Structures are given as C-alpha cells and as structure tokens.
Amino acid sequence: MKLLIIAGPPSGGKTAVIRQVIKNLPEGSLPAFLKIDVVHATEDQELAEEFNIPVKKIYSGDICPDHMGILVLDDALRWAESLSRNILIIESAGLCLRCTPYTTYSLGIAVISAISGTNSPLKMAPLLALADVAVVTKTDLVSQAEKEVFRESIRKVVPEIDIVETNAIQGTGLRYLMRRITEHPDIGPDQIKLRGAPPLGVCTVCIGKKEIGWKNHFGVIRPLDMPEPLYRGD
Amino acid sequence: MIKQFTLMVESGKNRFGEQEGFETIEIRSGDTLAIVGPTGSGKSALINDIETLAQGDSITGRRVLINGQEPPESFVREPAFKPIALITQNTRCLADLSVEEFLLMHIRARKPGREDLLEETMNLANTFTGESISLKSRMSGLSGGQTRSIMIADALVIGDTPILLLDEIENAGIFKDRVIQSLQRGNKAVILVTHDPYLALTADRRIVMRRGGVASVIESTGEEQQLIEDLALIEDRLHQIREKLRQGASFSSVSAKVLMAPARQSLQLNRL
Ligand SMILES: Nc1nc2c(ncn2[C@@H]2O[C@H](COP(=O)(O)OP(=O)(O)O)[C@@H](O)[C@H]2O)c(=O)[nH]1
Ligand SMILES: [Mg+2]
Ligand SMILES: [Zn+2]
Numbered sequence: 039m040k041l042l043i044i045a046g047p048p049s050g051g052k053t054a055v056i057r058q059v060i061k062n063l064p065e066g067s068l069p070a071f072l073k074i075d076v077v078h079a080t081e082d083q084e085l086a087e088e089f090n091i092p093v094k095k096i097y098s099g100d101i102c103p104d105h106m107g108i109l110v111l112d113d114a115l116r117w118a119e120s121l122s123r124n125i126l127i128i129e130s131a132g133l134c135l136r137c138t139p140y141t142t143y144s145l146g147i148a149v150i151s152a153i154s155g156t157n158s159p160l161k162m163a164p165l166l167a168l169a170d171v172a173v174v175t176k177t178d179l180v181s182q183a184e185k186e187v188f189r190e191s192i193r194k195v196v197p198e199i200d201i202v203e204t205n206a207i208q209g210t211g212l213r214y215l216m217r218r219i220t221e222h223p224d225i226g227p228d229q230i231k232l233r234g235a236p237p238l239g240v241c242t243v244c245i246g247k248k249e250i251g252w253k254n255h256f257g258v259i260r261p262l263d264m265p266e267p268l269y270r271g272d
Numbered sequence: 172m173i174k175q176f177t178l179m180v181e182s183g184k185n186r187f188g189e190q191e192g193f194e195t196i197e198i199r200s201g202d203t204l205a206i207v208g209p210t211g212s213g214k215s216a217l218i219n220d221i222e223t224l225a226q227g228d229s230i231t232g233r234r235v236l237i238n239g240q241e242p243p244e245s246f247v248r249e250p251a252f253k254p255i256a257l258i259t260q261n262t263r264c265l266a267d268l269s270v271e272e273f274l275l276m277h278i279r280a281r282k283p284g285r286e287d288l289l290e291e292t293m294n295l296a297n298t299f300t301g302e303s304i305s306l307k308s309r310m311s312g313l314s315g316g317q318t319r320s321i322m323i324a325d326a327l328v329i330g331d332t333p334i335l336l337l338d339e340i341e342n343a344g345i346f347k348d349r350v351i352q353s354l355q356r357g358n359k360a361v362i363l364v365t366h367d368p369y370l371a372l373t374a375d376r377r378i379v380m381r382r383g384g385v386a387s388v389i390e391s392t393g394e395e396q397q398l399i400e401d402l403a404l405i406e407d408r409l410h411q412i413r414e415k416l417r418q419g420a421s422f423s424s425v426s427a428k429v430l431m432a433p434a435r436q437s438l439q440l441n442r443l
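In order, the protein sequence lines correspond to chains A and B. Once you know that position 89 of the first sequence is 127 in the numbering used here, the rest is easy, because the numbers rise by one and skip nothing. Once you know that position 187 of the second sequence is 358 in the numbering used here, the rest is easy, because the numbers rise by one and skip nothing.
Same shape as in the complex, but just chain A (with noise of 0.2 Å):
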C-alpha cells in the first residue's frame, strides 16, 4: 500500500491535484480515498462519482483535524487494505497551519495556491517544511515573473523541497509530481510515525470550551503578558 498525504489551506487546490493524480496514476493502481474535514466537505461523494472508487469522510467537529486523521489513520489504512486497494489518498482539512499531518512511508504533498500571497509560505512553515513536495496551483492566473517571485518565497522557508507547479484544472506540470508518486515505496514494516510534533489537544479550547480568557480554561494556557505558556489543571 502507498500513502499519500495532501494538506494546505482550503481552496488552495488540494482537491484539484487530487482528481489530476487519480486520473494519470500507472496502470494497475487501485485508489482509496479519505477525506478529513470539520463540518463540511463532499469531495468524497464527487470523487466517488467521477472515478468509481471507494472513499470515506471523517468530519472532527470540536478536534483539530489534523489531529483527528492521525487518531484514524491507522484504520483507514485497514479499511483500504480490506478492499484490496494499493493507494490510499488522504485529504486534509487544511484549516490548522501548525499541525503537519505527514507520517513515515508516506508521500507528503502539500498544495497551495500561487495567488495566496508572497508571505504565505512563511506563514505555514511547518506545513511545508515536513512535506516532501509543495505544488503551487492557480499559476494560470499570475505573470511568470510571479510565478518565480513564489517559488523563491517557498525556497526562503525550505531551500530544498521538490516545488511542483501547476494549472491543476488541466493538470498541467504534474508530470513531475505523478513521476514522484510512482516511485515511491509502499508503507513499510516499522510503526508508521508523524514526521513532527504538533501540539496536541493542549487545552479546553481545543476541545470546544467557547469562553474567552485564560481564566475559563484548563491545560496549556497563557494570559497576554507571560512570556511562556503554563499548564494548569490537575
């Protein structure tokens, strides 16, 4: 089984890249396909519809999401395994850029969109500093001129990574990324482990308690004016 792991921000394009792969994946690939969102998301219906593939939808409601797919990774990877599937491709909610949700053995591919802004790399850093390949999208709709301006602001945050640009309507560039996903080897026999550390459930926010101020809070907190965070609970 091969993993593939596609985070970045909502509308960056994830989804977009995701039907170009399924698409122009070697012969003999069978796709199964998870998506992970908070509330809402139908890509697992489209993409069910359009390729005729099984898929399923995890919505983590009050949880980080990032942190939810890592709780049912494991699983998923069994449920793809019983169809007899050999890839299975995850989708991201997207919505926390501080969580990084690459493993071990997987492909980690982070999206994001040429029109996000020259600082957006800086500012999802972890995101695309444990990925292995970043796939700029919507590049049909800036000059070439910045479309290289991005690309050194992605190499500002990570001098080396693989960097992927695309037109992900027409899929086009992606030969390089799909030449990326055929070579890479299946899951392996160790413990699959998260490439980072993102902070885990550290507090009651995280958990769904509404109220502001530290005061309302358990775990991890930390009023304006402390200069570090503190736990506080039992």
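Misleading hints may appear alongside valid ones.
[Claimed, not checked] Chain A is faced by these chain B residues, among others (derived, beta-carbon under 7 Å):
(1) Pro-250
(2) Asn-261
(3) His-277
(4) Asp-325
[Stated by the list, open to error] Listed next, the in silico BS3-like pairs over lysine-lysine satisfying Cα-Cα at most 27 Å (straight line):
(5) Lys-307/B x Lys-347/B
(6) Lys-61/A x Lys-184/B
(7) Lys-40/A x Lys-94/A
(8) Lys-282/B x Lys-307/B
(9) Lys-194/A x Lys-282/B
(10) Lys-61/A x Lys-40/A
(11) Lys-61/A x Lys-94/A
(12) Lys-231/A x Lys-161/A
(13) Lys-161/A x Lys-307/B
(14) Lys-194/A x Lys-184/B
(15) Lys-40/A x Lys-231/A
(16) Lys-161/A x Lys-248/A
Don't read these hints as lab results, they were simulated from the structure. Here the structure is a predicted model, which is why all the values come from computation and not from measurement. Just so it is clear, CB atoms sit at the ideal spot from N, CA and C, and this is done for glycine as well.
Once you've looked at the hints, dock chain B with the ligands against the given chain A.
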C-alpha cells in the same frame, strides 16, 4: 544559458480531437511569430504549452522540443535555466511586495548576484509607461500599464532569455512602439498573441488558431507589404487623433477630413 537554438512545436489535437493543421513549427533566434484567432480559440493554451515545454501532457497533447530533443528538466523547473520568458495577459500583480522587493526576489531566482540589474529594469520600465513607477510602489497598487511595463522590462533585463512569449500586450496603456523596438533588439525569438493587425502582419509567420488548435501557419510572402504600409499610415492618423482628443480637442467635419486625407488617398491608390 543557450543562445543558439531551434524550438520545435509538434502538433497535437484541437478541442474536437482533430489533428492540428501543421506537423511541426520551427522557431529560431530572430524569428517573429504572431498567433491570431478569435477569443477562446486556444491562443493562450499554445503560449502556455511553449512556456511549460509541454511533452504531450497538456490538453492539446503537443510536444515542444529544443534542438530536436526533449529539453532537460532544469529548463522547465529552474527559473535560472529557463530559456523562455512569458508576459501573460494579467495586468494585475497580487504579490504583497514593493517593486524593489519583487524585482530583487526575481533577480535572486533568475540571475543570482546580479542586483545591479534592478536599476536597468526600472529605467526600461519607465520608458514604456507615461505614469512613472518608483521602487517603493506596491506591486499590487500599480496600474495596468505600469504592471505591464514592469513585466516586459523584467523579461528583457532580468529574464534576458532567447525566447520571449507575449500574450496580447497591446491593450494595456503602454507605448507599444517602444516596447516592440526593445523586443526586436538582441536577436530573440518573439512569439506574440495579438489582435493588432499591424503587429500580426509584420510578423514573419502567422499561426492561425481555431477550435482550440492551430488551423494553419501563414508565411509572410511580401505580398502584404503594401497593406502593412497602409496600416502604418492609418495607425499614424489614429495616433494623431488620439493625442488631440487627449489634449481636449473637438473636431469639425472639415478638420476630420483633413486628418484622414492622407490615409484615404493612399488606400484609394492601392485599389486602382
Ligand atoms: N484557475 C485555477 N483554478 C483552480 C486551480 N486549482 C484549483 N482551482 C479552483 O479553486 C477552487 C478550490 O479548489 P479545490 O481543489 O476545491 O481546493 P481545496 O479546498 O484545497 O480542495 C475550485 O474552484 C477549483 O476549481 C488552478 O490551478 N487554476
Ligand atoms: Mg477539497
Ligand atoms: Zn492543529
């Protein structure tokens, strides 16, 4: 960077799956080609196939070769090795940077260590537009004409590539003739999408687009020379009238006749 090259476009299919009306188009240093056709006929797609050096992996299935071979990956993926500069139709830049920051970042991508090109780029850009651009302007705040001017100067000075692609540069508030003059310097291959009759006719070849594919390629034979000269006259008149209007002039029927007389005469002579 390569200076001597042959760019070869191998035909693909149009929107209806029909083979395009050519086998290969060869483009060499110094050639000028115009791409003409109605809106939605596939002009920008052709430009994009060339820019991304497509290898049968775009909608059209075209392949683009350099010196008869599939170009090395670095030509496509690394701006510092890319032999092609493209000026797209966009007249807005979304980058949240000043002009200076933008150009310096692009220099880092294309010509690392050549910060000295900044000034040259700015000077050239400012010859293309009447609205002066300063280094501290925000890229996203520039007018259409200013953005275009920067992009063209950037392609010529910072890109300085042997192949230049331009997508409808004419209607963007720039001094067209100065731009064309600059493009023709330096023995570059220039491929431009255009609706401008003068630009289309003065190109060495015209690629005619229809239904998402190339319908035909027309070689200029010299027979259109007279038409080109007529057009130059008409352009000149148009320019004069435009300038007068800008200054706030109004025209009587007599003055209009006088303005257009030379153009009328020459057109009539040609018909005889
Ligand atoms: N023009 C253009 N639109 C794109 C491109 N990639 C995605 N889109 C559009 O952007 C919107 C968001 O894309 P989607 O794949 O749903 O983003 P996601 O939320 O990351 O999955 C959709 O309307 C897509 O059709 C691209 O490369 N070019
Ligand atoms: Mg999506
Ligand atoms: Zn998170």
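Hints, verified against the model:
Because the closest C-beta pair between Pro-250/B and chain A is about 4 Å apart, less than 7 Å, the hint holds. A cut of 7 Å between beta carbons decides the hint on Asn-261/B: the least distance to chain A is about 5 Å, and the hint holds. Using the Cβ-Cβ criterion of 7 Å, the hint placing His-277/B at the interface with chain A is satisfied: the shortest such distance is roughly 5 Å. Checking Asp-325/B against chain A by beta carbon gives a least distance of about 5 Å; that is within 7 Å, so the hint holds.
Of the pairs offered as hints, the one joining Lys-307/B and Lys-347/B holds, with about 25 Å between alpha carbons and a cut-off of 27 Å not exceeded. Between Lys-61/A and Lys-184/B the alpha-carbon distance is near 19 Å, which keeps this suggested pair within the 27 Å criterion. Between Lys-40/A and Lys-94/A, the direct Cα distance comes to roughly 17 Å. Compliance with the 27 Å bound is thereby established for this hinted pair. As the CA atoms of Lys-282/B and Lys-307/B are separated by approximately 22 Å, the hinted pair is consistent with the 27 Å bound.
A C-alpha spacing of about 16 Å is found between Lys-194/A and Lys-282/B, which places the hinted pair at or below 27 Å, so the restraint holds. As the CA atoms of Lys-61/A and Lys-40/A are separated by approximately 16 Å, the hinted pair is consistent with the 27 Å bound. Straight-line distance between C-alpha atoms of Lys-61/A and Lys-94/A comes to about 19 Å, which keeps the hinted pair within the 27 Å bound. Using a Cα cut-off of 27 Å, the hinted pair Lys-231/A and Lys-161/A holds, with the two alpha carbons roughly 25 Å apart.
This hinted pair checks out: Lys-161/A and Lys-307/B have alpha carbons roughly 24 Å apart, not beyond 27 Å. Using a Cα cut-off of 27 Å, the hinted pair Lys-194/A and Lys-184/B is violated, with the two alpha carbons roughly 40 Å apart. Of the pairs offered as hints, the one joining Lys-40/A and Lys-231/A holds, with about 15 Å between alpha carbons and a cut-off of 27 Å not exceeded. With a C-alpha separation of about 25 Å, the suggested pair Lys-161/A and Lys-248/A falls inside the 27 Å cut-off, and the hint holds.
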